[in-house]
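**Q** Build the complex from these two chains, which are given one at a time in their own frames, with help from the hints.
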Amino acid sequence: MRKVAIIGAGCSKFGERNDVTVAELAFEAFKPAVEDAGITPKDIEFVSVGTAGAGAWYEENLPAVIISEYCGLSGAGLIRCEAACASGSAAFASAYWAIASGQVDVAVAIGVEKMRQIDTLTMVEFIGRSGYYLWEFHNFGLTFPGYYAMHATAHMAKYGTTEEDLALVAVKNHKYASMNPIAHLRNRITVEEALSSPVIAWPLKLYDCCPITDGAATVILASEEAVKKFKVEDPVWVIGLGSACGTANLSKRKDFVGLESTVIAAQQAYKMAGITPNMVDVACVHDCFTIAEIMAYEDLGFCKKGEGPKLIREGQTEIGGKIPVNIDGGLKAKGHPIGATGIAMLYELTKQLRGEAVERSRQVPLKNYIALAHNVGGTGHYCYVTILKR
Amino acid sequence: MSLSPTMLPTLKAREVKVAPEIPISKTLPFWEGLKQGKVMATKCKKCGKIYFPPAADCGSCLSSDMDWLELSGEAEIEAFTHIVVRPQTFMNERPYTVAIGRLEEGVRVVAWLTGFRKSEIKVGMKAKLKAFVTPDGNPMYVFTRPD
Chain A
1 MRKVAIIGAG
11 CSKFGERNDV
21 TVAELAFEAF
31 KPAVEDAGIT
41 PKDIEFVSVG
51 TAGAGAWYEE
61 NLPAVIISEY
71 CGLSGAGLIR
81 CEAACASGSA
91 AFASAYWAIA
101 SGQVDVAVAI
111 GVEKMRQIDT
121 LTMVEFIGRS
131 GYYLWEFHNF
141 GLTFPGYYAM
151 HATAHMAKYG
161 TTEEDLALVA
171 VKNHKYASMN
181 PIAHLRNRIT
191 VEEALSSPVI
201 AWPLKLYDCC
211 PITDGAATVI
221 LASEEAVKKF
231 KVEDPVWVIG
241 LGSACGTANL
251 SKRKDFVGLE
261 STVIAAQQAY
271 KMAGITPNMV
281 DVACVHDCFT
291 IAEIMAYEDL
301 GFCKKGEGPK
311 LIREGQTEIG
321 GKIPVNIDGG
331 LKAKGHPIGA
341 TGIAMLYELT
351 KQLRGEAVER
361 SRQVPLKNYI
371 ALAHNVGGTG
381 HYCYVTILKR
Chain B
391 MSLSPTMLPT
401 LKAREVKVAP
411 EIPISKTLPF
421 WEGLKQGKVM
431 ATKCKKCGKI
441 YFPPAADCGS
451 CLSSDMDWLE
461 LSGEAEIEAF
471 THIVVRPQTF
481 MNERPYTVAI
491 GRLEEGVRVV
501 AWLTGFRKSE
511 IKVGMKAKLK
521 AFVTPDGNPM
531 YVFTRPD
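Chains A and B supply the protein sequences, listed in that same order. My numbering applies: residue 1 is where the first sequence begins, and numbers increase by one. My numbering applies: residue 391 is where the second sequence begins, and numbers increase by one.
Isolated chain B, as found in the complex (with noise of 0.2 Å):
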């Protein structure tokens, strides 16, 4: 028995640690164009659905029949928040800027927006979102500022 954070008696219970591995299979090309600086979006042939992020299967119109494009990157910003409460596999990270920006394509993206000063966000900005590699290797992409 131990003494819970309130004093009362508890029992352990017994550890278990996973880290399942996710199937990407079906979305190779996007994990592998974010390698080459590339932020990829499916499209359907049958209906012409623009999927991000990237769907092997149209919910649409149920064709599998995709193909794959470039999306061209610039954005407008439609929701944002900076997260300072993080959570603990992200405790190492300093607080960070999540926003929804509006790709040109029409298909929104959630991720980091990085590169300007809190007092410049505002919503209806300007974005571009870019791919890169993280230096320990993890395939990512930011918002950031336009060239």
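So that you can see chain A by itself, here it is in the shape it has in the complex (with noise of 0.2 Å):
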């Protein structure tokens, strides 16, 4: 396998975008991507594009050539991933394997979604038939916050994770959009709102829950021999990657207070990086609810099991704390676009190893240069783990 690195990202501003189309969202996000790599269209080979809701919440059914037409990528190899939350991150993994097998030297990945175009009541029912539609949906009715709900009871019967503990992630996200110009909601907010704001799937309160986001984000990849080539000046190497998936049927797993997925991906990524997971510098995390994030604290290995909500008490997944997390406001508050959030997590990690957080107050300190992002589609139907290092 070859080496590949990220030679350049850009990222739209989150939030309601009804002023554009897929296309022009995405492109949104790939002209300063190919601008920071230096680069132009036509060097690009192959073309991964994640989104999921083609043809259900947005209009068009075949988004990825509609997308790499208005880029001017025709003629590039071109794939379309869906692997729901988690498509952006099926698109970079795709884009990274063509680079590695050493079939292309330069890809794109392009996560875009359009999820604001459908009223908010049919969008909970396209998300709740995510799931398993015959067996938890049809005569069940349940929801994402649901899903995620019930494992936050179970996570709360087995540790004693409390309420309060969950809005903690709420108001520590909202801390860090607020400081984000392209965060979707930038509203700083209390513990006492988190707490008193509407039951949406209890425990899961709107507080609690990720908003429903357009938006689109794009990362550069390249061979050794291309970085050179285009003389990049500060790569960022993916140097672990790992993907898993779950059962569909939320009633298979072995038990409800962690996802299997994250921990087998998150294992292979640390393994093919060499590294532990106290190496990481700072993490963006799957946060769709805040229940997600005490998770995969415990599932990534940045905490023993049970010990995620001491995490967040303690300050320590803030900027200065033990591992950084969510930096960017995380799911819950820069937004969660579905496909393209994993490429957005990439976005982000990549411009903070290069030190470059657009807002200085965000830049998180580095001492091994290593950032890792965990992105889950479904609630560990998906999961891809991916570890960068400058």
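Worth double-checking, as some hints may not be accurate.
[To be verified] In silico EDC-like cross-links for lysine to aspartate or glutamate, where the CA-CA straight-line distance does not exceed 20 Å:
{"id": "1", "chain 1": "B", "residue 1": "K402", "chain 2": "A", "residue 2": "E24"}
{"id": "2", "chain 1": "B", "residue 1": "K407", "chain 2": "A", "residue 2": "E24"}
{"id": "3", "chain 1": "B", "residue 1": "K436", "chain 2": "B", "residue 2": "E495"}
{"id": "4", "chain 1": "B", "residue 1": "K439", "chain 2": "B", "residue 2": "E464"}
{"id": "5", "chain 1": "A", "residue 1": "K252", "chain 2": "B", "residue 2": "E495"}
{"id": "6", "chain 1": "B", "residue 1": "K428", "chain 2": "B", "residue 2": "D457"}
{"id": "7", "chain 1": "A", "residue 1": "K13", "chain 2": "A", "residue 2": "E359"}
{"id": "8", "chain 1": "A", "residue 1": "K304", "chain 2": "A", "residue 2": "E314"}
{"id": "9", "chain 1": "B", "residue 1": "K407", "chain 2": "A", "residue 2": "E60"}
{"id": "10", "chain 1": "A", "residue 1": "K252", "chain 2": "B", "residue 2": "E510"}
{"id": "11", "chain 1": "A", "residue 1": "K351", "chain 2": "A", "residue 2": "E233"}
{"id": "12", "chain 1": "B", "residue 1": "K516", "chain 2": "A", "residue 2": "D255"}
{"id": "13", "chain 1": "A", "residue 1": "K305", "chain 2": "A", "residue 2": "E163"}
{"id": "14", "chain 1": "B", "residue 1": "K512", "chain 2": "A", "residue 2": "D255"}
{"id": "15", "chain 1": "B", "residue 1": "K407", "chain 2": "A", "residue 2": "E224"}
{"id": "16", "chain 1": "A", "residue 1": "K389", "chain 2": "A", "residue 2": "E224"}
{"id": "17", "chain 1": "A", "residue 1": "K158", "chain 2": "B", "residue 2": "E466"}
{"id": "18", "chain 1": "A", "residue 1": "K158", "chain 2": "B", "residue 2": "E510"}
{"id": "19", "chain 1": "A", "residue 1": "K254", "chain 2": "B", "residue 2": "E494"}
{"id": "20", "chain 1": "B", "residue 1": "K508", "chain 2": "A", "residue 2": "E163"}
The set of hints was computed from the structure by calculation and includes no laboratory data.
**A** Here it is, written out as structure tokens:
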């Protein structure tokens, strides 16, 4: 396998984007990524597009080709990847494999989602159907907050996790989103506001849930040869990549206090990178719901199982703590355009590793120059863990 | 042209309505069983693995030689949630509680949990899985109070 680097990254403004089509939105992330890499669209040999809602919540059925045409990429190899909320990471992995295998030298991974073209309750319907339609939605109407709420009640029963612990995750992530101009929700909140917000699926309340967001992100990947050819000054190397899937039926999991797919994907990624969790300087983890971030701390090995609440209570996942997490606002407040999320994490981490966080207040201190992205599709239906090093 | 909620110009896409027919021929004894008050699972004759939801094929040993068995219905609740914000097609339902219960046979089931006050519902509590037919003829199963 060949070494692969991220040589350019771009991200659109996240939020309600009824001003643009899916292709126009993708372009907003594509253009800055190409400029960042110092290449042209003609240099790109393989295109991988992550998006989940094609034909359902936005109108294009085969969006990858619409997007590649709009970005001037016709002629390149093209694939669309769907891995639910990890579609962006699946697209990244496909681009990575295309280069690592020796097939191409330069590839682009574009993640994009348009989720605000339809009304909220129809979106709740579509996403709720994305567990296992026949056995969990058809008769029982499970929603995505509902799926994660069941993990929350199980975690609370086993480890004494409280609703306040969940609220602390939201407070932290809103704080960092308030410092991030491209974030969807930029208001700071208090624990009291989070606890008194309307119940969505108990114990999860409005402020425990990520917003429904439009957005796009892009990274350009290159082989070691291409890094030299384009004289890239600050390549960010992909040193670890793991992926695993869980069951579609939540009822077939071993337990509900963590996600086994995260544990497996993380083990693969750490092994490939040859690092331990305590060497990670900064992480973007999948916090679609506050309980998901707490489970991620544990499943990724940032603390022992059951000690996730302690980590957030002690402020260890803030900048200056043991392991800063979701310093861009996370899915919770930066927003979760599901096909873009995984690549938006890599965009943020690339900027962080290069010491280029747009707002200096969000720049984390770097010791080992190692960052980790954790992107879950569904409730652990899919999981990708990617480790980067400058 | 029309104006979106953000007052930006938009076009309305052509509307399409779909409701796929879901094949149940391979799990028919399950759906028929519900009408008789039974919740059925399958068991692989070759390796003994029990499947709920029922499966016609064994993902463990790849055999398609399966037995049907009726679940006892004795369950322990392992996780639950009270769903307040409901999907579009559940808007006519009152907020409902969904739970995962582990049955004596070792399999788990996702179903609504009914017949309890909210304050009574805890992880670790006992419940009974029961099958019935709804007034509009839909075979269904729920967790409810043990007899």
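**Q** Please go over all the hints and tell whether each is borne out by the structure.
**A** Hints versus structure:
Restraint check for K402 of chain B and E24 of chain A: the C-alpha separation of about 18 Å stays at or below 20 Å, so the hint holds. Restraint check for K407 of chain B and E24 of chain A: the C-alpha separation of about 27 Å exceeds 20 Å, so the hint is violated. Annotation: proposed proximity of K436 of chain B to E495 of chain B holds, straight-line Cα distance about 18 Å (limit 20 Å). For the given pair, K439 of chain B sits about 19 Å from E464 of chain B by alpha-carbon distance, which is consistent with the 20 Å threshold.
A hinted pair counts as satisfied when its Cα atoms are at most 20 Å apart, and K252 of chain A with E495 of chain B qualifies at roughly 13 Å. Only pairs whose Cα atoms come within 20 Å are accepted, and K428 of chain B paired with D457 of chain B is accepted, the gap being roughly 15 Å. With a C-alpha separation of about 15 Å, the suggested pairing of K13 of chain A with E359 of chain A holds against the 20 Å cut-off. In summary, the hint linking K304 of chain A to E314 of chain A is supported, as the alpha carbons are separated by about 15 Å, within the 20 Å threshold.
A C-alpha spacing of about 16 Å is found between K407 of chain B and E60 of chain A, which places the hinted pair at or below 20 Å, so the restraint holds. For the given pair, K252 of chain A sits about 25 Å from E510 of chain B by alpha-carbon distance, which is inconsistent with the 20 Å threshold. Between K351 of chain A and E233 of chain A the alpha-carbon distance is near 13 Å, which keeps this suggested pair within the 20 Å criterion. Between K516 of chain B and D255 of chain A the CA atoms are separated by roughly 17 Å; this keeps the pair inside 20 Å, and the hint holds.
Between K305 of chain A and E163 of chain A, the direct Cα distance comes to roughly 18 Å. Compliance with the 20 Å bound is thereby established for this hinted pair. For the proposed pair K512 of chain B and D255 of chain A, the alpha carbon gap of about 16 Å is at most 20 Å, so the pair holds. Using a Cα cut-off of 20 Å, the hinted pair K407 of chain B and E224 of chain A is violated, with the two alpha carbons roughly 49 Å apart. For the proposed pair K389 of chain A and E224 of chain A, the alpha carbon gap of about 14 Å is at most 20 Å, so the pair holds.
Restraint check: the Cα-Cα separation between K158 of chain A and E466 of chain B comes to about 15 Å, which is no more than 20 Å; the hinted pair holds. A C-alpha spacing of about 18 Å is found between K158 of chain A and E510 of chain B, which places the hinted pair at or below 20 Å, so the restraint holds. For the given pair, K254 of chain A sits about 15 Å from E494 of chain B by alpha-carbon distance, which is consistent with the 20 Å threshold. Proximity of K508 of chain B to E163 of chain A is assessed by CA-CA distance (about 17 Å); at most 20 Å being required, the pair is judged to hold.
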